[in-house]
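Q: Using the supplied hints, reconstruct the complex from the two chains, each of which is provided in its own coordinate frame.
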Amino acid sequence: MDIYLVGMNHKTAPVEIRERIAQVCRMDANPLEQRPHCKAVEELFFLSTCNRVEFLFTTRNGSDGVQEITELMVRLIGLPKDTVLKHFYVHKNLEAVRHLFRVAAGLDSMVVGEPQILGQIKDAYREATQYRTVGVVLNRLLHKTFSVAKRVRTETNIGCHAVSVSYAAVELAKKIFGDLKDKRVMLIGAGEMAELAAEHFRGHGVRDMVVANRTVERAVELARRFHAQTVPFAHFLDALLDVDIVLCSTAAAQPILYAADLKPRMRKRKNRPLFFIDIAMPRNVDPKVHEIDNVYLYDIDDLKGIVDLNLSERRHEAEKAQFIIDTETLQFQQWLQTLDVVPTIIALRRKAESIRQAELRKTLSQLPGLGDKEKEAIGVLTESMIKKLLHDPIVFLKKKSVRESKNLYVSFTQQLFNLDQEDAPARSLDCTDG
Amino acid sequence: MGQGMEHVLLILAACVYCIGSVGYFVFLVRNGENVHRAALGMLVAGAVFHGTAIVLRSTAAGHLAVTTLSEALSFFAWLMVVAYVLIQNRLRLRILGSFVAPLAAAFVFGSAILPSHMIPTSPLLKSAWVWLHVSTLFGANALFAVACAAGILYLYQERAIKKKRLGPLYGRLPSLERLDRVNHVCLLIGFPLMTVGLLAGFLYASTVWKSPWNWDPKEIFALITWLIYAVLLHERLAVGWRGRRAAWLAIFGFSAVLITFLGVNLFLKGHHTLFVIQ
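Going down the list, the protein sequences come from chains A and B.
In terms of the numbering used here, the first sequence opens at residue 1 and continues consecutively.
In terms of the numbering used here, the second sequence opens at residue 435 and continues consecutively.
The hints are simulated quantities; they were obtained by calculation from the structure and are not laboratory data.
Derived DSSO-like pairs (lysine-lysine); straight-line CA-CA distance at most 27 Å: (1) A/Lys406 / A/Lys388; (2) A/Lys181 / B/Lys596; (3) A/Lys39 / A/Lys122; (4) A/Lys270 / A/Lys181; (5) B/Lys596 / A/Lys174; (6) A/Lys270 / B/Lys597; (7) A/Lys304 / B/Lys597; (8) B/Lys598 / A/Lys288; (9) B/Lys598 / A/Lys270; (10) B/Lys596 / A/Lys263; (11) A/Lys387 / A/Lys375; (12) B/Lys597 / A/Lys268; (13) A/Lys174 / B/Lys598; (14) A/Lys11 / A/Lys320; (15) A/Lys181 / B/Lys598; (16) B/Lys597 / A/Lys174; (17) B/Lys596 / A/Lys270; (18) A/Lys304 / B/Lys596; (19) B/Lys598 / A/Lys263; (20) A/Lys122 / A/Lys144; (21) A/Lys388 / A/Lys351; (22) A/Lys399 / A/Lys92; (23) A/Lys270 / A/Lys174; (24) B/Lys597 / A/Lys288; (25) A/Lys406 / A/Lys387; (26) A/Lys174 / A/Lys268; (27) A/Lys174 / A/Lys263; (28) B/Lys596 / A/Lys288; (29) A/Lys268 / B/Lys596; (30) A/Lys92 / A/Lys398; (31) B/Lys598 / A/Lys304; (32) A/Lys263 / B/Lys597; (33) A/Lys398 / A/Lys388.
From chain B, some residues computed to sit far from chain A (all C-beta separations above 12 Å): (34) Phe459; (35) Ala494; (36) Val516; (37) Gln522; (38) Trp563; (39) Leu622.
Because the structure is a prediction, the values reported are computed rather than measured.
Every residue gets a Cβ at the ideal spot worked out from N, C-alpha and C, and that includes glycine.
One chain only, chain B, in its complex shape (with noise of 0.2 Å):
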């Protein structure tokens, strides 16, 4: 029971951050308070539709429902609208909404048409190291979705500023500062994140297979991700980067992410598509 409904929910909550997208992007277009209230409605509807989705699922498989990458991709963008929810308000970037609902959009489309089998669960999937090791790098890959779509904004102002010419969008973004600033928080919050969960997967995996380094395709591009933002954050900590320089560094920091996190699963094989080795 509960496959269909969740599949059901599912795609509601995709059509919902659909509408939800829109809504933003009209937002953006033209300011409105009550465009935004509308918008940000969807994307708080779409997330308890998509939560409750995994929930069912998750009883359905007796383990967190992360482990195909249909999963892995549908988790990953609840986690990053319920953040975006969650941190709107203080973080007064309403723009932001922009980028995360469709691309919220996006992820739960993509996992609709995943191959969408359930993986049978295993003692392997139920250590409390797999769920550590999961949700930190989860919760660093959103904040790092923020990060570069602040870089991305960023860039898009600041040519604005340097060239003279104020774009149609000029009213509508927040300042360098702002910007620049939430990229930094984002960097300083998820590079730990990040880090403690690369160091529970290479513990996990040396109980599990005897050795935490496995040559695994997602563990060397994992690590070359980490390595970006380890520059990142000391030009910025040490030698006072920013503005442009991290804003840039943000957006190919998170490049390598969606490497490492659909590149790799979608196109070599290693034991993060793991469960083939069942």
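Here chain A stands alone, though its shape is the one from the complex (with noise of 0.2 Å):
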């Protein structure tokens, strides 16, 4: 039995497959009702998102199972399948877990590390689930998958720093002021960047925003849009004693606020700290302002740069991910292996048993005057036997599981106690006892 990963991403996808990607992603049926259709393939996981399809399966015939999924791929996605098929990528069995592990933390992402990935997985999973396509491999495998997700995240600070300007905005007011809910926002101009970053600090909790805005209309209509009050912008310097974060867009010029308008004000402010995000080009805010105390400015270029810091960070942290993601590879792929010795421990406990049932049976006919509990002892020992006896075996078995040679082994076994392959219970019963 084999594992196989056969997918595709943004790495190896260009733009048009991916737009189709993300049509098959609004997609109602499910790829996963196709599983019947599939002779090869055993249990099935089906992962899309607007940046990847992925097939995860297992089979025992892994080139028609490749074939199969590939056929199916091409018919979700819907372009001839010479155009399609050069972008795929299939993994198998350690390369395949690795893969699921490094999509899973973010290491595979457009954005390194962002964290929606782990979720869809999971709705995914939960998809597979009630399609019942999964069966002990990928049950395992998939709840690995999100064990090792929440490892990288915990142990690694893969996620910890923003990487879009408006984001950094919004962590850089929280180390400022801490809980923004009671934190009062101004929007001096009315640019489209200032929009997005209000949006984001409105997220943040900000509840209580103020517009200041040349054109009124549009001061009205951004006032609506966020619940905000209304400044005249002539007035906007008085505002700015009772507000706490300043986002500038304003299309002037030159400087609207300058460092000796802003400090008698500060004392007035009983020197609470206020934070201007000054996001307009050519700059609104003069940088000296900066240096009044507890004022502090940030212009798009600071942010520019923190998120530049931060993705470099991010992508040193994969490196630290990377290590884990591969030690687990490696415990899952341990796991794999005691897998190929388990339907013939199986085999021989049944074997066993079958014949304790028969002897038992013969034996307790031709004693009829034994009372109940004479029996059960006599049932306790015989089993208690067969236990004892099939123990070393057993771990013998469990042993070798993990070596090259285990197929020898196994046949070995097979031969010794006559174990006929064709009881052996198939893998997807519970292998309990991996």
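A: Below you can see the structure in the form of structure tokens.
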């Protein structure tokens, strides 16, 4: 039995194919429904996001399985086979496991370390369980995937830092003010970037907003959108007395705020901190403002600098994450290998148990005078003899399961005990003793 | 009896605090719920050993064991740890453990190194005034220690934001406002405590030595320390000082506390090394 992963992502597929993927994403029909048509495929898991499509499956016949899944995927994307085919990647066993772990940890994402992908995998897994297309192997693999992703999140700083300008601004505000719920944000000017940032601030709990804009209509429009008050543009300096965060994005050619305007107002504010985010170009706020105590001024370049730094930080953290993933992959591999000896162990136990039952029946029928207690004692006796006798061979097989030579020992055991392979239960049964 | 046992407990407490410090250092560099829980557990365990040692010594001496510098250091460290353990959840300022744990370890080791001969008890030490004097002042000092730690963190964090170079601890430190708030609250509670402690001392001194003010070096330094904190409180409440300046002054104030508390006892003689006069 092998695990395969067939798929494509934003790195391997050009934009026109990714657009198709995005459409596939929105489709109602789930490709898991097609599993009965894929004869070679045993367990199947399907993940699609706007940036990737992945099929994860187990099969006893690798080439047929890959063939069937590829065809399914080509049908799904609905483009000619040759154009699609060259963007596929196929991973087998160890590589498939590693790839899945990487995807879940966000290492394979467009923005490294983004957290959404894990939720998407969890949703996809829920669907797969609803369609009953996952069994022992993929269940275990996906649960492992969730725990690996969680481990990467807690043990590395991969998702810690903001990687967009607006979010970097919000993060800074939180560093200065802590809780943003009781803070007041003022928008001066109504540029698109400022709007985006304001949206972010709302998302982080800011409820109290003020808008000051030269054109009143636009101010009113924005105010309605953010449930904000409006202030006449000419009076924005006075409004500075009771706001905490100021987003500037006017088209003014000269700064609209100088340090000299602010200093006396800081005294009136009792030095409560004031955070200016100047995303206008040219800048709206005189850089000297940053030198005043308890006043912080960040312009667009500063914020971009933070974002760049955070991105490189994430890439650095990704190396640590890769190490975690590699060790976890090896661990999973070990579990997987024990699976190969499981059917033989089960067959061995079954054979012993059937012999025991038959002999027990024979003996008991010849001893009609026995009471329930004695019968039970004989039953327990035979059971424990069998258990003790089989214990060593089973331990031996399990130990050999991680070795290359395991097939040799499996076949020896089967010959030694004359185990009929046909009777061996399929792997999809509960192999709880694996 | 108890002497050897008490010493063993003290060393044990110091070791456990050390392990806790390492834990908190790891927590500082790399976030992790388990790391924090382990480090906090170490602090709690240390406080239990430490508290038992203090109780043993106090019962052996017949008075609260704060009469030598060694005992005072140990008692102060214990109060600090207990205070931190009690408020850390409310404060949501786990990073402070990275200060408290090593400071406690250092104090307990210091206490173990200093001569620890036991002062025979005397009616002088059994007065409730002494108890009030010591506990309020130690409480105030512990709060000022927290204010100082918060001040250091504030300055580090503020500098990073002003320089626009957000250092490696950026993601780990609490917000400026929270740090400033901690500084403020510690001052608000610590200053009255200190005032009460000093008044108790003066009142007691006037009954024992017939004069409240004896030009004892510790008295002089204590008054200077009190003045520093009085200025800080005034500036904060009346003028609206906050942030950087308040943080600096809190650090300055705590240095004065350390001089009063340690320096004077170690290098100068007076009636707080008291028990020489017996």
